[in-house]
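Reading the sequence shown from the start, the letters are residues -18 to -1, 1 to 377 in mature numbering (1 follows the signal peptide of the UniProt record, and there is no 0).
The set of hints was computed from the structure by calculation and includes no laboratory data. One or more of the hints may lead you astray.
To be verified - Computed beta-carbon distance windows for the label pairs: (1) Pro190 <-> Asp215: 22 to 30 Å; (2) Pro57 <-> Ala244: 23 to 31 Å; (3) Leu56 <-> His105: 42 to 50 Å; (4) Arg232 <-> Ser324: 31 to 39 Å; (5) Asp231 <-> Asp93: 28 to 36 Å; (6) Asp231 <-> Gly69: 23 to 31 Å; (7) Ala244 <-> Ala58: 29 to 37 Å; (8) Arg192 <-> Gln59: 34 to 42 Å; (9) Gln217 <-> Ala317: 31 to 39 Å; (10) Ala63 <-> Glu251: 39 to 47 Å; (11) Gly315 <-> Arg129: 40 to 48 Å.
No residue lacks a Cβ here, since even glycine has one placed at the ideal position from N, Cα and C.
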Amino acid sequence: MRARVLASLLAVALTLTACTDASTPRAESATPSPSSDAPLIPESTPLPTALPSDVLAGEMQDLAQLAERLAQKLPAQRRPAPVAITGGSEEWRPGVAYRGYFADPDILRYDGRWFAYATNTAHLRLPTLTSRDLRTWTPLTDAAGRRTDPLAAGGWVRSRGGGQDLRAPGVAKVGDGWTAAYAAPAGTSGGERHNCIGLSRGPSPAGPFRPVGEPLCYGDAQLGVIDPDVFVDAQQRPWLLWKFSGVVDRRPAGLFVRRLNADGTGFAEGSQTRELLTLQEAWEGDTIENPSMAQFRGVTYLFFSGNNYETADYATGYAICAGPEGPCVRQNGGAPLLSTASTGRLGPGGASAFVDGRSLRLVYHAWDRVGRIRLLHVAGLWQRPDGTLEVTDPG
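Sequences and hints are given; from them, build the entire structure.
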């Protein structure tokens, strides 16, 4: 079955017509001009809706045999142990276990510690928690044990409190340093905040992160671009994923990707933007967002959120991709992977995937009570023989 999935994905990749970059529209006067490396949103092209049912013929037979040999060498997966985050304070206090607002989480592991990042809270631009066991989380502190904010916002950010309106960060080791990506308002458009994506670099996952390059903007979209994710593939190539908010009456919201340079400071020379998914399923409501990519046991997964994050209808879906540039095809029969009904958690979304040893997991947020606090959760996943996923525990 694994051979069939891998062969099918490559067949889709070979047959899908590549997107072509459109010229970069000029940003409105209230927003900064896009840099030469700004995301280019390609012309809309049909995206695949299903994997071929049978491609094991002709030249694909050789591919299937190769895939089967590779599959036999994959390490066995381990069923992830349930993770229940222990209780703590809703206040952000150094040295005290935290169990408060923590939306749109991202996660990584370094030097025996887990680092989790979130949308701004506690008047911090990059709220950062650390943990040894995924269960007890405490705020990041400086060497003296004091409260610290590891990120300085770019000068283009237009928000209250010196840039304390940054959202949905993504952090990863790229090259000899660490790249942090975030979305922030760069001005207004039609009375709404217009968002761009900023990149910062730091010497460790604890920062300090300093701005690099110009903001990545798209002026035609009223709400701009948000929800960046920094993904490093099995070949150590870095990628930036993001949500394009869409253009009213012209184009729906979609998820995009483009390769970063080796230093994680901007797009790689000659790289192109690819569209991975666009709004499609009924459960997704009016938007899809929060892309997160992971590779596990030979399969590339794209996780995403859909619907209104302010409600219990918010949920998490996933797709299987031929590689970081797609194509990607939704799984789970058109239903979300995590939903209020399937998990018992209210509006599970903003998820980020991560590999924990021989297990695949998701960190995500869910409301304790709709409209009050979005709390951090850790779910466990299991990869079936055909590459699809099931939730072993919602966390």
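Comparing the hints with the structure gives:
no.	hint	in the structure
1	Pro190 <-> Asp215: 22 to 30 Å	27 Å, holds
2	Pro57 <-> Ala244: 23 to 31 Å	28 Å, holds
3	Leu56 <-> His105: 42 to 50 Å	45 Å, holds
4	Arg232 <-> Ser324: 31 to 39 Å	34 Å, holds
5	Asp231 <-> Asp93: 28 to 36 Å	50 Å, violated
6	Asp231 <-> Gly69: 23 to 31 Å	47 Å, violated
7	Ala244 <-> Ala58: 29 to 37 Å	33 Å, holds
8	Arg192 <-> Gln59: 34 to 42 Å	38 Å, holds
9	Gln217 <-> Ala317: 31 to 39 Å	32 Å, holds
10	Ala63 <-> Glu251: 39 to 47 Å	44 Å, holds
11	Gly315 <-> Arg129: 40 to 48 Å	46 Å, holds
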